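Novice: The primary structure of each chain is shown beneath.
Number of protein chains: 2
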Amino acid sequence: RSRLPAFATHQVGVAGAVVDESTGKVLVVQDRNKTKNAWKFPGGLSDPGENIGATAVREVLEETGVRSEFRSLLSIRQQHQHPNAFGMSDMYIICRLSPLTYDIHFCTQECVRCEWLDLAELAQTHSTTPITSRVARLLLRGLESGFGHIDLGMEELPAVYSGTVYQLYYRQLPPPLRP
Amino acid sequence: RSRLPAFATHQVGVAGAVVDESTGKVLVVQDRNKTKNAWKFPGGLSDPGENIGATAVREVLEETGVRSEFRSLLSIRQQHQHPNAFGMSDMYIICRLSPLTYDIHFCTQECVRCEWLDLAELAQTHSTTPITSRVARLLLRGLESGFGHIDLGMEELPAVYSGTVYQLYYRQLPPPLRP
Numbered sequence: 001r002s003r004l005p006a007f008a009t010h011q012v013g014v015a016g017a018v019v020d021e022s023t024g025k026v027l028v029v030q031d032r033n034k035t036k037n038a039w040k041f042p043g044g045l046s047d048p049g050e051n052i053g054a055t056a057v058r059e060v061l062e063e064t065g066v067r068s069e070f071r072s073l074l075s076i077r078q079q080h081q082h083p084n085a086f087g088m089s090d091m092y093i094i095c096r097l098s099p100l101t102y103d104i105h106f107c108t109q110e111c112v113r114c115e116w117l118d119l120a121e122l123a124q125t126h127s128t129t130p131i132t133s134r135v136a137r138l139l140l141r142g143l144e145s146g147f148g149h150i151d152l153g154m155e156e157l158p159a160v161y162s163g164t165v166y167q168l169y170y171r172q173l174p175p176p177l178r179p
Numbered sequence: 001r002s003r004l005p006a007f008a009t010h011q012v013g014v015a016g017a018v019v020d021e022s023t024g025k026v027l028v029v030q031d032r033n034k035t036k037n038a039w040k041f042p043g044g045l046s047d048p049g050e051n052i053g054a055t056a057v058r059e060v061l062e063e064t065g066v067r068s069e070f071r072s073l074l075s076i077r078q079q080h081q082h083p084n085a086f087g088m089s090d091m092y093i094i095c096r097l098s099p100l101t102y103d104i105h106f107c108t109q110e111c112v113r114c115e116w117l118d119l120a121e122l123a124q125t126h127s128t129t130p131i132t133s134r135v136a137r138l139l140l141r142g143l144e145s146g147f148g149h150i151d152l153g154m155e156e157l158p159a160v161y162s163g164t165v166y167q168l169y170y171r172q173l174p175p176p177l178r179p
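So the protein sequences, as listed, match chains A and B.
Just so we're aligned, residue 1 is where the first sequence starts under this note's numbering, counting upward by one.
Just so we're aligned, residue 1 is where the second sequence starts under this note's numbering, counting upward by one.
These are computed hints drawn from the structure, not numbers from a lab.
Keep in mind the model is a prediction, meaning the values are calculated, not measured.
Certain hints may be false.
[Stated by the list, open to error] Reference listing, derived: stretches of chain A covered by chain B, where coverage requires no fewer than 3 residues with Cβ under 8 Å from a Cβ of chain B:
1) 47-58
2) 87-95
3) 98-107
4) 144-156
5) 161-172
The C-beta atom is built at its ideal place from N, Cα and C for all residues, glycine as well.
Can you build the whole structure from these sequences, using the hints too?
Specialist: Listed below in structure tokens is the structure:
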């Protein structure tokens with residue numbers, strides 16, 4: 001990391017897949033500003049200095065009225081020359097969240113629809129995006145076999161230089177079975 | 001993603017853990033510009049428009065002389081007010097790579113040491129960073145039980161708006177076992 005100059009090249013967007021484990025449903029929206037009516041997870045751009053999980057929780061609340069808490073990171077998309085990023089690159093991260101409330105009061109400026117949808121239905125429908133589809137299938141596997149199979153958990157660690165903390169996301173594996 | 005303005009807030013750094021599966025060794029370096037002599041994976045900042053995997057392969061070659069190819073994404077660190085990023089945020093990603101060549105010709109401007117080190121030793125030593133340690137333990141599990149347990153694989157998908165492609169990193173699970 002020695003050959004500077006360093007500069008920011010990416011904007012970061014985060015979406016939250018809020019999964020209700022008791023019903024197998026997930027919170028999805030349809031954006032107002034898109035031509036095709038595709039179900040997707042609520043989300044938006046990170047504010048400067050905002051943690052990934054905090055963006056997911058905030059955007060879900062703003063768009064849907066549902067309060068939630070961060071569980072894990074599920075997928076990352078990197079896209080260059082993103083149309084909304086003025087030629088810069090875009091990192092788009094999907095997190096798994098757990099609901100704290102269930103009543104929907106969605107933002108009519110941003111969304112035309114908002115529902116708790118069966119994960120199995122979301123995994124199969126064509127009215128969604130390729131990424132949402134893949135993450136829905138991941139989440140379905142999580143519901144069936146445990147989210148430990150799909151989660152990148154978060155660990156907060158001290159940053160030596162700045163005296164602050166950083167967040168590390170990785171698969172926290174169970175101890176291996178020894179005969 | 002409707003409430004703009006959008007702007008770049010993050011620099012992206014990528015390190016490559018080159019694992020030689022036939023020997024259980026991994027390629028590590030010690031940076032010239034750090035006070036503590038800690039083993040870490042070679043890496044550096046992404047160039048504008050450069051894919052995560054391409055950065056890892058390029059930085060490994062520049063620092064160590066070893067050619068490699070991208071396999072998977074393993075972990076992500078988010079850090080705000082990174083000391084080398086002028087108050088911006090830093091996303092630091094570690095990838096798994098496979099070696100194509102094995103001879104080391106390391107860059108003496110950037111590194112003081114460069115070795116193929118036993119993964120088991122790297123997972124236990126105190127002469128390393130907290131992140132390297134955790135990723136070494138993940139890789140050790142991968143060696144023992146298959147990298148399918150730890151990998152976020154990459155899938156390239158078409159971007160509808162721009163006509164380009166994007167890269168999606170997520171756990172590509174095997175089909176579930178049905179009785």
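Novice: Failing hints, ascending?
Specialist: 3
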